[in-house]
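Going down the list, the sequences are from chains A and B.
Mapping of the first sequence onto this note's numbering: position 99 corresponds to residue 99, and the numbering continues sequentially without gaps.
Mapping of the second sequence onto this note's numbering: position 101 corresponds to residue 1101, and the numbering continues sequentially without gaps.
Treat the hints with caution; some may be incorrect.
Said to hold, decoys possible - Computed footprint of chain A on chain B; a stretch qualifies when at least three of its residues, placed anywhere within it, have a C-beta under 8 Å from a C-beta of chain A: (1) 1038–1044; (2) 1047–1061; (3) 1093–1099; (4) 1104–1112.
As the list claims (entries may be wrong) - Chain B is nowhere near these chain A residues, computed Cβ spacing over 12 Å in every case: (5) I13; (6) T62; (7) S73; (8) L106; (9) P109.
Please keep in mind that the hints were generated in silico from the structure rather than gathered at the bench.
Think of the CB as a built atom: it goes at the ideal place given N, C-alpha and C, for glycine as much as any other residue.
Each chain, letter by letter, is given below.
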Amino acid sequence: TQLLEQSPQFLSIQEGENLTVYCNSSSVFSSLQWYRQEPGEGPVLLVTVVTGGEVKKLKRLTFQFGDARKDSSLHITAAQTGDTGLYLCAGAGYSTLTFGKGTMLLVSP
Amino acid sequence: NAGVTQTPKFQVLKTGQSMTLQCAQDMNHEYMSWYRQDPGMGLRLIHYSVGAGITDQGEVPNGYNVSRSTTEDFPLRLLSAAPSQTSVYFCASSWGQAGQPQHFGDGTRLSIL
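Chain A extracted, bound-state conformation (with noise of 0.2 Å):
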């Protein structure tokens, strides 16, 4: 079984402020998709990374695969009250995809 490890897994800042994501594993990846849950509903699609060492940027989200394809960091900028919610990052594998147990951010005013 594949395991991916995120950290930290709660996180508490105040809105303005930076603040990065990380989720590791000793698997190789395909690719590696971030996504974002907020109370009640299902996750939301982010990003997918594919390349080792590519870097994509959402606006203040910057998302970079690990050169070997076994890691990824999600580095948010002058975080803000909406980014508030459950991040996970996700590996896929031939068929089926394993997700990390996730980052709770919590951006307060």
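With chain A held as given, fit chain B onto it using these hints.
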């Protein structure tokens, strides 16, 4: 745009009862899957299907059955509910395999007493 529709949204069962969680998608996606989400455990794959007539087990399949008679529908059956199956269940679909963007439903919150 309906996307992925799960019914019911909430359900309370007694131990030993059976029930079916419904999942339907209107995007003509071939790949569909069921996950359960428990506090501190993330999303764990129960069963998945790569197309009509084809299903396979995920990480935690025991106590659950699935079938895929049409592209649109992928029901999840609990044969004899147990308190350990209390969870939030999510159905997802994508046009390709697991590496493609997954579209999730809003979940079914299930409590087994």
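Right, here's what the structure says about each hint:
For the segment 1038–1044 of chain B, the stated coverage by chain A holds: 5 residues have a C-beta nearer than 8 Å to a C-beta of that chain, and at least 3 were required. Beta-carbon proximity to chain A at under 8 Å applies to 5 residues in the segment 1047–1061 of chain B; the threshold of 3 is reached and the given coverage holds. Coverage of a stretch by a chain is defined here by at least three residues with a beta carbon nearer than 8 Å to that chain's beta carbons; for the segment 1093–1099 of chain B and chain A the count is 3, and the condition holds. Coverage of a stretch by a chain is defined here by at least three residues with a beta carbon nearer than 8 Å to that chain's beta carbons; for the segment 1104–1112 of chain B and chain A the count is 4, and the condition holds.
Listed as outside the interface, I13 of chain A is consistent with that label: its C-beta sits roughly 21 Å from the nearest C-beta of chain B, beyond the 12 Å cut-off. Its beta-carbon lying about 19 Å from the closest one in chain B, T62 of chain A satisfies the requirement of being farther than 12 Å from that chain. The non-interface label for S73 of chain A is consistent with chain B: the shortest C-beta to C-beta separation is roughly 18 Å, beyond 12 Å. Distance check on L106 of chain A: its Cβ is at least 16 Å (rounded) from any Cβ of chain B, clearing the 12 Å threshold; non-interface status holds.
Every CB of chain B lies more than 12 Å from the CB of P109 of chain A, the least distance being 26 Å, so the non-interface label holds.
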